[in-house]
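Q: Each chain is listed here by its residues.
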Amino acid sequence: MRSKFWGGVHPAGRKELSADTPPTPVSAPAQVAVPLQQHVGKPCDPLVSVGDKVKRGQKIGDGKGMCAPVHAPVSGTVIAVEPRPHPNGTLCPAVVIENDGKDTFESALKPHADTSSLSADELIECIREAGIVGMGGATFPTDIKASIGKVETLIANACECEPYITADDVLICTDADRAIRGLLILGQILNPRRTVIAIEDNKAKAIAILKEKLRSVPQVELAVLPTRYPQGAEKQLIQVITGRQVPSGGLPRDVGCAVFNIATCASVERAVVEGEPVLRRIVTVTGPGVKEPRNLLVPIGLTFGEAVEAAGGLTGDVWKVLSGGPMMGRAQGDLFASITKGVNAIVVLTQAENGEAEHPACIRCGKCVAVCPMGLQPLYLYRFSKAGDSGTLRYYNVMDCIECGCCAYTCPGKLPIVAAIREGKQLVREGK
Amino acid sequence: MKFAVTASPHIRSGDNTRRIMLDVLIALIPTLIAGTVVFGLRALAVCAVSVVAAVAAEWLWRKITRQYGTVSDFSAAVTGLLLALTLPASVPYWAAAVGAVFAVVVVKGFFGGLGQNIFNPALGARALLMLVIPSAMTRFAAPGTALPLTGEVDIVSSATALHHMQIPALPEQSLLDMFLGNIGGCIGEVSALALLLGGAYLVARDVIKLRIPASYLATVALLTAIFCKDQDPLQWMLYSLLGGGVLLGAIFMASDYATSPATPGGQVLYGVGCGVLTVVFRYTGLYPEGVTYAILLMNAASWLLERFTPTRLFGAPQKKGGLRR
Numbered sequence: 001m002r003s004k005f006w007g008g009v010h011p012a013g014r015k016e017l018s019a020d021t022p023p024t025p026v027s028a029p030a031q032v033a034v035p036l037q038q039h040v041g042k043p044c045d046p047l048v049s050v051g052d053k054v055k056r057g058q059k060i061g062d063g064k065g066m067c068a069p070v071h072a073p074v075s076g077t078v079i080a081v082e083p084r085p086h087p088n089g090t091l092c093p094a095v096v097i098e099n100d101g102k103d104t105f106e107s108a109l110k111p112h113a114d115t116s117s118l119s120a121d122e123l124i125e126c127i128r129e130a131g132i133v134g135m136g137g138a139t140f141p142t143d144i145k146a147s148i149g150k151v152e153t154l155i156a157n158a159c160e161c162e163p164y165i166t167a168d169d170v171l172i173c174t175d176a177d178r179a180i181r182g183l184l185i186l187g188q189i190l191n192p193r194r195t196v197i198a199i200e201d202n203k204a205k206a207i208a209i210l211k212e213k214l215r216s217v218p219q220v221e222l223a224v225l226p227t228r229y230p231q232g233a234e235k236q237l238i239q240v241i242t243g244r245q246v247p248s249g250g251l252p253r254d255v256g257c258a259v260f261n262i263a264t265c266a267s268v269e270r271a272v273v274e275g276e277p278v279l280r281r282i283v284t285v286t287g288p289g290v291k292e293p294r295n296l297l298v299p300i301g302l303t304f305g306e307a308v309e310a311a312g313g314l315t316g317d318v319w320k321v322l323s324g325g326p327m328m329g330r331a332q333g334d335l336f337a338s339i340t341k342g343v344n345a346i347v348v349l350t351q352a353e354n355g356e357a358e359h360p361a362c363i364r365c366g367k368c369v370a371v372c373p374m375g376l377q378p379l380y381l382y383r384f385s386k387a388g389d390s391g392t393l394r395y396y397n398v399m400d401c402i403e404c405g406c407c408a409y410t411c412p413g414k415l416p417i418v419a420a421i422r423e424g425k426q427l428v429r430e431g432k
Numbered sequence: 433m434k435f436a437v438t439a440s441p442h443i444r445s446g447d448n449t450r451r452i453m454l455d456v457l458i459a460l461i462p463t464l465i466a467g468t469v470v471f472g473l474r475a476l477a478v479c480a481v482s483v484v485a486a487v488a489a490e491w492l493w494r495k496i497t498r499q500y501g502t503v504s505d506f507s508a509a510v511t512g513l514l515l516a517l518t519l520p521a522s523v524p525y526w527a528a529a530v531g532a533v534f535a536v537v538v539v540k541g542f543f544g545g546l547g548q549n550i551f552n553p554a555l556g557a558r559a560l561l562m563l564v565i566p567s568a569m570t571r572f573a574a575p576g577t578a579l580p581l582t583g584e585v586d587i588v589s590s591a592t593a594l595h596h597m598q599i600p601a602l603p604e605q606s607l608l609d610m611f612l613g614n615i616g617g618c619i620g621e622v623s624a625l626a627l628l629l630g631g632a633y634l635v636a637r638d639v640i641k642l643r644i645p646a647s648y649l650a651t652v653a654l655l656t657a658i659f660c661k662d663q664d665p666l667q668w669m670l671y672s673l674l675g676g677g678v679l680l681g682a683i684f685m686a687s688d689y690a691t692s693p694a695t696p697g698g699q700v701l702y703g704v705g706c707g708v709l710t711v712v713f714r715y716t717g718l719y720p721e722g723v724t725y726a727i728l729l730m731n732a733a734s735w736l737l738e739r740f741t742p743t744r745l746f747g748a749p750q751k752k753g754g755l756r757r
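As given, the protein sequences belong to chains A and B, one line each in that order. If you're matching positions, the first sequence starts at 1 in the working numbering and goes up one per residue. If you're matching positions, the second sequence starts at 433 in the working numbering and goes up one per residue.
Hint data in this document are derived by calculation from the structure and do not stem from the laboratory. We put the CB at the ideal spot given by N, CA and C, even for glycine. Certain hints may be false.
[Claimed, not checked] With the C-beta cut set under 8 Å, the calculated list includes, among others, these residues of chain B facing chain A:
#	residue
1	Phe-435
2	His-442
3	Tyr-500
4	Ser-504
5	Pro-566
6	Asp-586
7	Thr-695
8	Gly-697
Chain A extracted, bound-state conformation (with noise of 0.2 Å):
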């Protein structure tokens, strides 16, 4: 039931100025600030204060409801909790550990050389337990997604289809095992009866290492899509594998579907059979303003001044340094934010790339409600969000819109369009 999802673009990858560069270790600094908020969802409450000694692996910040753990990726000392740069631009509190250097590793989560003989619910809690969320950038906590029961459709988005990024690429071409074994562990929560691995054409190399892979795993499909942004959203691509629309306002699972990363399926297979929280991470460490770009594996909690050095350090006139790719990243101010379980990327772009025009102005061309990958006109939620009407806004449906960034991406007339429809959804939020 392969279809094609609508509208889209095709932004220029720049996918080689990464690719063929395998995940450079980079290893922990004297200190490191761990954000108590990696997730969508509650922040986490500290479990340790200031003096306490925390071990490798060891829970640091954990909360009810809604809420994936954070773990320690250094072993040493806490010497402060408190407010430290998010990625997200604000100031979110953060246990600062002083590393001691011996990686002494101590985890909750067992082991498990054979994981066939685990319940669902022992494989959630382990999910649960190492803290696993969703690593393209959602952030959203796995347990929880994969606690829907049973699915008809099970996918594994390796479609990376912001431009720059190669991290989900190059995690495929050095350890595909254990993203297929991971897939197959979500598998055995949630008992598909389709599997699919979606991956883009422009990735040839990866897509060799799974075909030669999985053919000693036949339940699960290779998906070969045409490369075309944003193939990886979440709706988009259930789209394409099932052919069926996540309704307005709905979830995948009322479609049947559970969509995860391939970077998330590779923590869960780090969590459940070698017992390691998300404690690192793979980082794609790119752009024109980068001197070395390269994927990094990196700790959580490394500042983004730190991966950058560990690149090369910036060049060029640097314009805008983003945490994620350059069609949903964030743009950061500076360099002090610490690395969350999110940040797929470090995107520096230079004043060559900026595109943005000092008096952008509507032409009515159209092209924006041509490439809305969501049916929508976004020409007049820009209008509406500017006019602060929300109920014209909620008339044209604003709050279907998934900020892509396709129709600001292809706007002649260079409208900030996306960050108006932010502003309108706040509006519809609060009611006005």
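Once you've looked at the hints, dock chain B against the given chain A.
A: The following block gives chain B in isolation, referenced to the frame of chain A:
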């Protein structure tokens, strides 16, 4: 160190307003050449006057109203050129200049500038000139007439294809002459070949979609074939398509972004509406031509068409369009 912090997306396509307007100007080059070949240098001079007047008016209007300058986006140049192409080559220069100023300041500027205007500026100005100097607007020199470059033009008006068709009778011009442009008429409407070349360029560059021109022309073709006033519906249809400004209107006027619907469904309905009104005005109106008023009327209806053709929301049943919110 401080970096720029603005909202995503952080990269933009290479497409921009200036490039689009430049593409329209490029697409009009064949038509401009054809007009100059058929009517001589005076045609080129009328175009130059109109473009200069439009650009000057835009510059002055933005200056007086203390808005940022927009001359460099070339939209005023496009308006000036499009207006000139809808005028006979024999029209007085001052008329072209007045029309261009009216188009830029009144039809566009008063409504808020580029993208905000309800009516197509060039056609709005042409409608004004039809009211003010109807005789000069409807007298057409025969092709190849040596029009004087300066001074008042006193020409013997030659009957265009549409004049014949109003009788009604099949025109004396051959279909090949109609296609190539060896006929009387307005500067920009004579050569179907040049217009189609320009249209093909615009479609290839993705400046316009085919929906509006195709639905417009198909409607005109269908209606003139059905309500044929001659023995041969095919010939009648072809003369209807090649005569007058229907090609210029369908390719370059009706497809104007600001004044046409932004939804795909609305665009098709809009093209159909333009086609129906064009045929109705041609058949019943005082003037042999009806393209200008057909498009202007549909301009006014475009918001309505858009409202009745909402795009389909992902994951929801198709919403019925309507006036109520």
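Q: All the hints need checking, so say for each whether the structure fits it.
A: Evaluation of the provided hints:
1. With 8 Å as the threshold, the beta carbon of Phe-435(B) comes within range of chain A, its nearest partner Cβ sitting at about 5 Å, so the hint holds.
2. With 8 Å as the threshold, the beta carbon of His-442(B) comes within range of chain A, its nearest partner Cβ sitting at about 4 Å, so the hint holds.
3. About 5 Å separates the beta-carbon of Tyr-500(B) from the nearest beta-carbon of chain A, less than 8 Å, and the hint is met.
4. Contact between Ser-504(B) and chain A, as hinted, is not supported at the beta carbon level, the nearest pair being about 11 Å apart and thus beyond 8 Å.
5. With a least beta-carbon distance of about 32 Å to chain A, the hint placing Pro-566(B) at the interface is violated under the 8 Å criterion.
6. The beta carbon of Asp-586(B) is not positioned within 8 Å of any beta carbon in chain A (closest approach about 42 Å), and the interface hint is therefore violated.
7. With a least beta-carbon distance of about 6 Å to chain A, the hint placing Thr-695(B) at the interface is held under the 8 Å criterion.
8. A hinted interface residue such as Gly-697(B) counts as satisfied when its beta carbon comes closer than 8 Å to some beta carbon of chain A; here the least separation is about 11 Å, so the hint is violated.
Comparing the model with each numbered hint stated earlier shows that hints 4, 5, 6, 8 do not hold.
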